[in-house]
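Q: Each chain, written out:
There are 2 protein chains.
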Amino acid sequence: MQSIDLAKKLETFSDHWSPKIVASYNGNDIMVVKVKGEFVWHSHDDTDDFFLVLDGRLKIEMRDGDVVLNAGDLFVVPKGVEHRPVAEEEAHLLLIEPGGTPNTGDKATAAMKTKI
Amino acid sequence: MQSIDLAKKLETFSDHWSPKIVASYNGNDIMVVKVKGEFVWHSHDDTDDFFLVLDGRLKIEMRDGDVVLNAGDLFVVPKGVEHRPVAEEEAHLLLIEPGGTPNTGDKATAAMKTKI
Chain A
180 MQSIDLAKKL
190 ETFSDHWSPK
200 IVASYNGNDI
210 MVVKVKGEFV
220 WHSHDDTDDF
230 FLVLDGRLKI
240 EMRDGDVVLN
250 AGDLFVVPKG
260 VEHRPVAEEE
270 AHLLLIEPGG
280 TPNTGDKATA
290 AMKTKI
Chain B
180 MQSIDLAKKL
190 ETFSDHWSPK
200 IVASYNGNDI
210 MVVKVKGEFV
220 WHSHDDTDDF
230 FLVLDGRLKI
240 EMRDGDVVLN
250 AGDLFVVPKG
260 VEHRPVAEEE
270 AHLLLIEPGG
280 TPNTGDKATA
290 AMKTKI
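For the protein sequence lines, the chains are A and B, in the order given.
Everything in the first sequence is counted per my numbering, starting at 180 for the first residue and increasing by one.
Everything in the second sequence is counted per my numbering, starting at 180 for the first residue and increasing by one.
Just so you know, the hints here were simulated from the structure itself, not pulled from any lab data.
Possibly wrong hints are sitting among the right ones.
Each pair may be met inside one copy or between any two copies, as identical chains are not told apart.
[Stated by the list, open to error] Pairs of lysine-lysine residues, derived as DSSO-like cross-links and limited to a Cα-Cα distance of at most 30 Å, are as follows:
no., residue 1, residue 2
1, Lys258, Lys215
2, Lys292, Lys258
3, Lys187, Lys292
4, Lys286, Lys188
From just these sequences and the hints, can you work out the full model?
A: What follows is the structure, encoded as structure tokens:
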């Protein structure tokens with residue numbers, strides 16, 4: 180068993196909005212992702228959505244107001260709350276979602292999550 | 180709704196091995212903790228145990244070998260696996276456990292988890 184160096188994992192890919200699974204916790208996928216630009220508005224009916232900014236800056240737009248996260252900041256979007264992540268510059272995030280959760284809230288448009 | 184600055188949360192307390200709940204994710208407690216020295220050997224029969232080192236260095240001793248985590252490193256101790264966290268110098272961690280899980284695996288000896 181080995182520890183997981185998140186920065187090293189992030190060095191292995193460069194695509195945006197395509198989460199990579201690095202570990203599992205009780206059936207949840209623990210993922211790193213690089214993001215830049217605007218994602219789509221979406222919500223998850225069955226799960227909260229965990230964001231921790233590892234590097235850079237992320238705005239999470241919500242209908243009732245935005246939240247801004249710098250490196251070392253964490254936010255959990257409550258289940259069912261519509262949100263749109265936006266990053267002006269590239270940002271690196273740690274995400275946690277139940278295994279199989281589509282990142283857009285919709286299987287048809289979701290990115291494939293791959294293990295790295 | 181506000182983002183959670185983990186470093187600022189960590190500035191609000193100084194005790195060791197006493198996790199503080201900063202957020203909730205699908206019924207799991209998201210906690211920050213300061214650790215120094217040796218914890219007790221323990222295991223959790225019903226849950227994996229999530230560790231992310233935010234600052235410092237943590238060794239997780241297990242019967243089959245140790246794992247060392249530096250800042251930015253993550254490790255999930257699988258359910259049922261006996262482990263003992265050890266930090267020679269003070270380290271700051273992000274932990275995730277199902278709500279109500281005793282940190283020693285035993286309610287009688289567990290630290291109270293408080294919300295901050």
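Q: All hints, please: hold or fail.
A: We went through each hint and held it up to the structure:
1. When the C-alpha separation of Lys258 and Lys215 is checked against a cutoff of 30 Å, the pair qualifies only within one copy, where the shortest distance is 24 Å, while the shortest distance between copies is 36 Å.
2. For the homomeric pair Lys292 and Lys258, the shortest alpha-carbon distances inside one copy (20 Å) and between copies (24 Å) are both at most 30 Å.
3. Taking the shortest Cα distances, Lys187 and Lys292 sit within 30 Å of each other inside one copy (18 Å), while across copies they are farther apart (32 Å).
4. In this homomeric assembly, Lys286 and Lys188 come within 30 Å of each other (Cα to Cα) only inside a single copy, at 25 Å, whereas the closest approach across copies is 36 Å.
In terms of the numbered hints stated before, the structure departs from none.
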